[in-house]
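Asker: So the chains spell out like this:
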Amino acid sequence: DSGVTQTPKHLITATGQRVTLRCSPRSGDLSVYWYQQSLDQGLQFLIQYYNGEERAKGNILERFSAQQFPDLHSELNLSSLELGDSALYFCASTGQGTRYGYTFGSGTRLTVV
Amino acid sequence: LAKTTQPISMDSYEGQEVNITCSHNNIATNDYITWYQQFPSQGPRFIIQGYKTKVTNEVASLFIPADRKSSTLSLPRVSLSDTAVYYCLVGGSNTGKLIFGQGTTLQVKP
Chain H
1 DSGVTQTPKH
11 LITATGQRVT
21 LRCSPRSGDL
31 SVYWYQQSLD
41 QGLQFLIQYY
51 NGEERAKGNI
61 LERFSAQQFP
71 DLHSELNLSS
81 LELGDSALYF
91 CASTGQGTRY
101 GYTFGSGTRL
111 TVV
Chain W
1001 LAKTTQPISM
1011 DSYEGQEVNI
1021 TCSHNNIATN
1031 DYITWYQQFP
1041 SQGPRFIIQG
1051 YKTKVTNEVA
1061 SLFIPADRKS
1071 STLSLPRVSL
1081 SDTAVYYCLV
1091 GGSNTGKLIF
1101 GQGTTLQVKP
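If you're matching them up, the sequences are chains H and W in order.
Take the first sequence: its letter number 93 is residue 93 in our numbering, and every next letter is one higher.
Just add 1000 to the spot in the second sequence (first one is 1) and you have our numbering.
The shape of chain W in the complex, shown without the other chains (with noise of 0.2 Å):
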């Protein structure tokens, strides 16, 4: 499984597009490239997903370069609600297992 290096925290304004960049750079043909939200107590929740170029969804980019050793999480006009510890995973179909890193953790301020 590749490892993936993100920074460990970020800080934001509200109202401002956060771009949290992560690392992989042993990423594997057959892999793809998830991120997850965690807020305190809670359970990660699945964001977005993508294996290269661009993809978009209700609540975020993900912007990933052709040779896909590494990818940005791009979250548009962040409130306070999106403060959360925010997981980049790299991982293929038939591994069975996602290995989390320490996350980063992002904190949007008034």
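Okay, chain H solo, but in the shape it has when bound (with noise of 0.2 Å):
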């Protein structure tokens, strides 16, 4: 367990539909990032929040947005889901930046048919 919890593991929709990935990130970090990793493009950045600000901004589509609670936990949402949306959606958490590297969830598998 990395400390960074990642809910639903898996997800199953249909196209033109909307879903809500969820990340908790390790205790005492306050950065949160998202990638998508697709078969055929690698790990893509999308976005960071720190601290509940937007940080850094990605290759992120305008159907999907996020947002960063005062808890810490972030949600990535996806909305007008097209067959290639489907990919596995990590999240990752730092304390201090990049200078200690990242822990990564184990991911939301998000299946579009």
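Hints in this document: simulated from the structure, not taken from any laboratory.
Quick caveat: nothing in here was measured; it's all calculated off a predicted structure.
By construction, the Cβ of each residue, glycine as well, lies at the ideal position given by its N, Cα and C atoms.
Hints should not be assumed to be uniformly reliable.
[Said to hold, decoys possible] Within a straight-line C-alpha distance of at most 30 Å, the following computed DSS-like cross-link-like pairs (lysine-lysine) qualify:
| # | chain 1 | residue 1 | chain 2 | residue 2 |
| --- | --- | --- | --- | --- |
| 1 | H | Lys57 | W | Lys1003 |
| 2 | H | Lys57 | W | Lys1069 |
| 3 | W | Lys1054 | W | Lys1069 |
| 4 | W | Lys1003 | W | Lys1054 |
| 5 | H | Lys9 | H | Lys57 |
| 6 | W | Lys1003 | W | Lys1069 |
[Said to hold, decoys possible] Where chain H lies over chain W, by a calculated footprint (3+ residues, C-beta under 8 Å):
| # | stretch |
| --- | --- |
| 7 | 1039-1051 |
| 8 | 1100-1106 |
Since each chain comes alone in its own frame, lean on the hints to assemble the complex.
Answerer: Structure below.
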């Protein structure tokens, strides 16, 4: 157990639907990062939050949004889902920026049918 | 963020030492070098991090030459369970994000 908790582990949904992925960072970590990993794209950085505020944005689609709550857990919202959104979504947290490395969760596998 | 280049794949046999080299010609002064390991359907796992010279922990060593334009991850006496993808990343303490490259797929054979 890495200390970063992601739920659900698996999610199957239909095209056009909306889903929410949840991440609880390691205790004490203020930063949360979301990554998407699909077979043909590798690990793609989506977005970072630090203590409730958006800190950095990567290749995140407009159909996707995220937020970090006062208790530091984060949610990634994916809407108008397409088949190509099927991927593993990882959350990572860190307390000191990248200097000390990220701790990744076990991911949520999203399948859009 | 400095771009990294590493071999796409490597093969080895159990018990051998494996060295994976990563090039990062544009590394900045405040960038650290970090290596991650990823098994299929699992999140990447931090292996080791360094700034210069040599760093060793219980699972690996990291060699960084004086010019810091490359680094080598050394895995001593690999086993089948070391079969994974290994990522080399460079970044500073304030960049706030890590950009993953293609990684090196290490296949350890019996």
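Asker: For each hint, tell me whether it holds in the structure or not.
Answerer: Hints, one by one, checked against the model:
| no. | hint | verdict |
| --- | --- | --- |
| 1 | H:Lys57 to W:Lys1003 | holds (18 Å) |
| 2 | H:Lys57 to W:Lys1069 | holds (27 Å) |
| 3 | W:Lys1054 to W:Lys1069 | holds (14 Å) |
| 4 | W:Lys1003 to W:Lys1054 | holds (21 Å) |
| 5 | H:Lys9 to H:Lys57 | holds (24 Å) |
| 6 | W:Lys1003 to W:Lys1069 | holds (11 Å) |
| 7 | 1039-1051 | holds (count 7) |
| 8 | 1100-1106 | holds (count 4) |
This entry satisfies every hint, going by the numbered hints stated previously.
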